[in-house]
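The primary structure of each chain is shown beneath.
Protein chains: 2
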Amino acid sequence: MRILILGGDGYLGWPTAMRFSARGHEVTVVDNFSRRRWHTDNSTDSLTPIRSLADRIEAWREVSGNEIRSFVGSMEDAEFIERVLSKTLPEAIVHYAEQPSAPYSMRSREAAVETQYTNVIGTLNLLFAIRDQVPDCHLVKLGTMGEYGTPDIDIEEGFIEIEHKGRSDTLPFPKMPGSLYHLSKVHDSHNVHFACRIWGLRATDLNQGVVYGIETEESAEDERLITRFDYDEYFGTVLNRFCVQAVIGHPLTVYGEGGQTRGFLNIRDTLQCVELAVANPAELGEFRVFNQFTEQFSVAELAELVKRSGEQMGHGVEVRSFPNPRIEAEQHYYNATNTKLIDLGLKPHLLGEELVRSMLRIIERHRDRVIERAILPTTRWMPGELERPEVEAMRAGRRPRQGIE
Amino acid sequence: MRILILGGDGYLGWPTAMRFSARGHEVTVVDNFSRRRWHTDNSTDSLTPIRSLADRIEAWREVSGNEIRSFVGSMEDAEFIERVLSKTLPEAIVHYAEQPSAPYSMRSREAAVETQYTNVIGTLNLLFAIRDQVPDCHLVKLGTMGEYGTPDIDIEEGFIEIEHKGRSDTLPFPKMPGSLYHLSKVHDSHNVHFACRIWGLRATDLNQGVVYGIETEESAEDERLITRFDYDEYFGTVLNRFCVQAVIGHPLTVYGEGGQTRGFLNIRDTLQCVELAVANPAELGEFRVFNQFTEQFSVAELAELVKRSGEQMGHGVEVRSFPNPRIEAEQHYYNATNTKLIDLGLKPHLLGEELVRSMLRIIERHRDRVIERAILPTTRWMPGELERPEVEAMRAGRRPRQGIE
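Each protein sequence line maps, in turn, to chains Z and V.
Be aware that the first sequence starts at 1, since it is given in our numbering, and climbs by one per residue.
Be aware that the second sequence starts at 1001, since it is given in our numbering, and climbs by one per residue.
Isolated chain Z (complex conformation):
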């Protein structure tokens, strides 16, 4: 198949590109390197020493004998996207090309506008380009479980049958997202659904949980193929952050009570899910939603798991509650359905101490690259709520590691 990976230089995009290329598909990646740019702007970086896109593509050619094509440009540039589609005529598009961070979207008005502009207008441009260039193409769009928020009822996969005053209908599941980033994904979902209803496009919205892990089958073959690994307040997801904190001797930063429960999955399962979605496309006119996670955990449970695993490897790990920079329920009901990908054949890699230890081992190899300044949260959902003294107290609470600082 001809497959286009939008955001193909990213944490998930690059491993996805290699996976489809390894399976013999004709793969093209598109990226504008905004993640690399945001890191430069913040004086942060990936823990893993990732190569440039051109070097990665060359290394992949050496290792696999397969060619990955690339285009450099932005989703906001409608004519660029249209040109890429008309040149590559993809049968499937995997769309990761968005600003993916909740705290980034909450740091300022400018960042909020950038996030909603990049994500919503970028996806809107893509929908028009698909309609006009490749209307049969299957769009596999990365959404997030965070679109649902934490309702007091079970979360279904995109739609819910509602009985009301003696009648019933199956309607989009109501959304109560927790950040302006998550809102951009809600907006996207509504726009993509519309394009399927009105223009007869086909799309799968993958409402993904929180991803953890570093290595995939392909990236393990050559160190030049490693994907990025973020642990900073903006782009680091919670388990990845905890693992870095455990290795450098920083208290694990549990926000508030730690009862926040979410769906999680291994990066290897992200690749499986995307493969399953592409191999089993939606029908023309269909907007399909899969909840893409394998297990639910609370933040406190994850912290305990990292503590146990770290201590097995000789790290002294402290779990500490920090003032929550977000506004969110810290104890709540959470039960989300995730059977559709299982029904298609997903075989989950479950989370356990062995998996965490394997992450800690890779992090240890790169511990000298850790930028400690980037770890504590500075972005607050409610400006003025966490004032300077509290941040200072948080910083003071950081236990210096022996011998390194």
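For the record, the hints were derived by calculation from the structure and aren't laboratory data.
All residues carry an ideal CB built from backbone N, CA and C; glycine is no exception.
Watch out, some of these pointers could steer you wrong.
Think about it this way: if two alpha-carbon atoms lie no more than 20 angstroms apart in a straight line, the pair counts; the simulated SDA-like pairs of lysine to any residue are [to be verified]:
#, chain 1, residue 1, chain 2, residue 2
1, V, 1165, Z, 337
2, V, 1165, Z, 166
3, Z, 340, Z, 296
4, Z, 165, V, 1163
5, Z, 87, Z, 131
6, V, 1165, Z, 335
7, V, 1165, Z, 161
8, V, 1307, V, 1350
9, V, 1165, Z, 156
10, Z, 165, V, 1159
11, V, 1165, Z, 163
12, Z, 165, V, 1154
13, Z, 307, Z, 248
14, Z, 165, V, 1340
15, Z, 165, V, 1166
16, V, 1165, Z, 170
17, V, 1165, Z, 152
18, Z, 165, V, 1150
19, V, 1165, Z, 164
20, Z, 165, V, 1332
21, V, 1165, Z, 157
22, V, 1165, Z, 150
23, Z, 165, V, 1160
A few chain V positions that, by computed beta-carbon distances, are all more than 10 angstroms from chain Z [claimed, not checked]:
#, residue
24, 1034
25, 1052
26, 1074
27, 1085
28, 1086
29, 1210
30, 1255
31, 1281
32, 1305
33, 1319
34, 1331
35, 1354
36, 1367
37, 1370
38, 1373
We have chain Z already, so just place chain V on it with the hints.
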């Protein structure tokens, strides 16, 4: 009260400004004249010969003795909006400043992007400006009944209690809007709701039905105060369009079967509703949704009403079904709740032949201003669906009026 009217040069914005000014409030209007510009771009115009904003304000001063202040600028300009709020310190903001047309949003990718950018980013800028400048201010935001679409269950006011698998929660009513414009309003609603939940702002979302009518109490006092009246395919709402068609002898353009049912209200009731919302503000942190319409009609019912009323005045009126340029259900269940504004004291002006005849009389006064070219729909929800021959057939079907053409 200090009241800011965003979009204060528009069909509803200008009458709203006069109403609050007449009641003794301190009124400021903001507009960037985009509606006037869009008309210029399309070689169309308001049926009524509206004055410039400065002339209107001067005429209002002469008539009422009251001063309305104005700022010219765009919602997309975040710093402008922030400046206006810091200078005027409004206690209530009535926000009409959006691209309000479904067909306009569907005419091209550029128009779709313009619509979602103007509306979503404009409102996002406003939310940040309120948070930072006037956090206690009550935002009265114009939404639309079109956000809900036509579900097979009763439509509630913004939220619905859902029982599911033995649990229950009250959640945002699911949205299935019918155009990229309506989607922009859905995005706005989610963003405004978030700002109330997270930042503690207060907002009322007025999910308004289709407005008809020309005259309000204040505009009737002096012809220089008349508001705009659009009848073109982009900005003309259905009953207003039918009335112009009846006067010029054009067949009433019913799209498809005409079973499309919607909520409607008189422009005089829009003013009542906005006054009631401002006089009874939401609580801090509250996001309140009112369904703002007074009666439900199908398009076919409206066409018959205009035909009867027109014929009473000696117009020969033909009702004709045209190929539907939109993709929408032409027969469907529709029952929407609208008790909240009634509970606050709304006294509806109901639609009848007398009201239609009064509209027809005003239109007759301005019939020489009608631009007939602007009447037939050229924008299609599904490009390529209505091809040229059909458009030609539609044009050929237009019956020339005696003596005028």
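Hint by hint, here is what the structure shows:
Restraint check for residue 1165/V and residue 337/Z: satisfied, since their Cα atoms lie roughly 12 angstroms apart, inside the 20 angstroms limit. A hinted pair counts as satisfied when its Cα atoms are at most 20 angstroms apart, and residue 1165/V with residue 166/Z qualifies at roughly 17 angstroms. Pair hint residue 340/Z plus residue 296/Z holds up; C-alpha atoms about 16 angstroms apart against a cutoff of 20 angstroms. With a C-alpha separation of about 12 angstroms, the suggested pairing of residue 165/Z with residue 1163/V holds against the 20 angstroms cut-off.
Proposed proximity of residue 87/Z and residue 131/Z is supported: the alpha carbons are some 15 angstroms apart, at most 20 angstroms. Between residue 1165/V and residue 335/Z the CA atoms are separated by roughly 11 angstroms; this keeps the pair inside 20 angstroms, and the hint holds. At most 20 angstroms may separate the alpha-carbon atoms for a hinted pair to count; residue 1165/V and residue 161/Z meet this at roughly 11 angstroms. About 18 angstroms separates the Cα atoms of residue 1307/V and residue 1350/V, which keeps this hinted pair within 20 angstroms; it holds.
With a C-alpha separation of about 11 angstroms, the suggested pairing of residue 1165/V with residue 156/Z holds against the 20 angstroms cut-off. Proximity of residue 165/Z to residue 1159/V is assessed by CA-CA distance (about 14 angstroms); at most 20 angstroms being required, the pair is judged to hold. Using a Cα cut-off of 20 angstroms, the hinted pair residue 1165/V and residue 163/Z holds, with the two alpha carbons roughly 12 angstroms apart. Simply put, residue 165/Z and residue 1154/V have alpha-carbon atoms about 7 angstroms apart, close enough for the 20 angstroms limit, and the pair holds.
For a cut-off of 20 angstroms, the pair hint linking residue 307/Z to residue 248/Z stands: about 13 angstroms separates their Cα positions. Only pairs whose Cα atoms come within 20 angstroms are accepted, and residue 165/Z paired with residue 1340/V is accepted, the gap being roughly 18 angstroms. Restraint check: the Cα-Cα separation between residue 165/Z and residue 1166/V comes to about 17 angstroms, which is no more than 20 angstroms; the hinted pair holds. For the proposed pair residue 1165/V and residue 170/Z, the alpha carbon gap of about 15 angstroms is at most 20 angstroms, so the pair holds.
Note on residue 1165/V and residue 152/Z: the hinted pairing holds, with a Cα-Cα distance of about 11 angstroms set against a maximum of 20 angstroms. Pair hint residue 165/Z plus residue 1150/V holds up; C-alpha atoms about 16 angstroms apart against a cutoff of 20 angstroms. Of the pairs offered as hints, the one joining residue 1165/V and residue 164/Z holds, with about 14 angstroms between alpha carbons and a cut-off of 20 angstroms not exceeded. With a C-alpha separation of about 17 angstroms, the suggested pairing of residue 165/Z with residue 1332/V holds against the 20 angstroms cut-off.
A C-alpha spacing of about 14 angstroms is found between residue 1165/V and residue 157/Z, which places the hinted pair at or below 20 angstroms, so the restraint holds. Taking the CA atoms of residue 1165/V and residue 150/Z, the gap is near 16 angstroms; set against the 20 angstroms cutoff, the hint holds. Our distance criterion of 20 angstroms between C-alpha atoms is met by residue 165/Z and residue 1160/V, whose separation comes to about 11 angstroms. Every Cβ of chain Z is farther than 10 angstroms from the Cβ of residue 1034/V; the closest lies at roughly 18 angstroms, confirming the non-interface assignment.
Residue-level check passed: residue 1052/V sits 31 angstroms from the nearest beta carbon of chain Z, beyond 10 angstroms. Every beta carbon of chain Z lies more than 10 angstroms from that of residue 1074/V, the smallest distance being close to 14 angstroms; the non-interface claim holds. Residue-level check passed: residue 1085/V sits 13 angstroms from the nearest beta carbon of chain Z, beyond 10 angstroms. The beta carbon of residue 1086/V sits about 14 angstroms from the closest Cβ of chain Z, which is more than 10 angstroms, so the claim that it is off the interface holds.
Every beta carbon of chain Z lies more than 10 angstroms from that of residue 1210/V, the smallest distance being close to 20 angstroms; the non-interface claim holds. With a cut of 10 angstroms on Cβ distances, residue 1255/V stays outside the contact zone with chain Z, its closest approach being about 15 angstroms. At roughly 21 angstroms, the least C-beta separation between residue 1281/V and chain Z is larger than 10 angstroms, which holds for a residue marked as non-interface. Against the 10 angstroms criterion, residue 1305/V stays outside the reach of chain Z, whose nearest CB is about 28 angstroms from its own CB.
At the 10 angstroms boundary, the C-beta of residue 1319/V stays outside the reach of chain Z, the nearest C-beta of that chain being 27 angstroms off. The Cβ of residue 1331/V lies farther than 10 angstroms from every Cβ of chain Z, with a closest approach of about 16 angstroms, so its non-interface assignment holds. Non-interface call for residue 1354/V relative to chain Z: holds, since the shortest CB-CB distance, roughly 34 angstroms, exceeds 10 angstroms. No beta-carbon of chain Z is positioned within 10 angstroms of the beta-carbon of residue 1367/V; the least distance is around 36 angstroms.
For residue 1370/V, the non-interface assignment is confirmed: its Cβ lies about 31 angstroms from the closest Cβ of chain Z, beyond the 10 angstroms cut-off. At the 10 angstroms boundary, the C-beta of residue 1373/V stays outside the reach of chain Z, the nearest C-beta of that chain being 27 angstroms off.
Checked against the numbered hints above, the structure breaks none of them.
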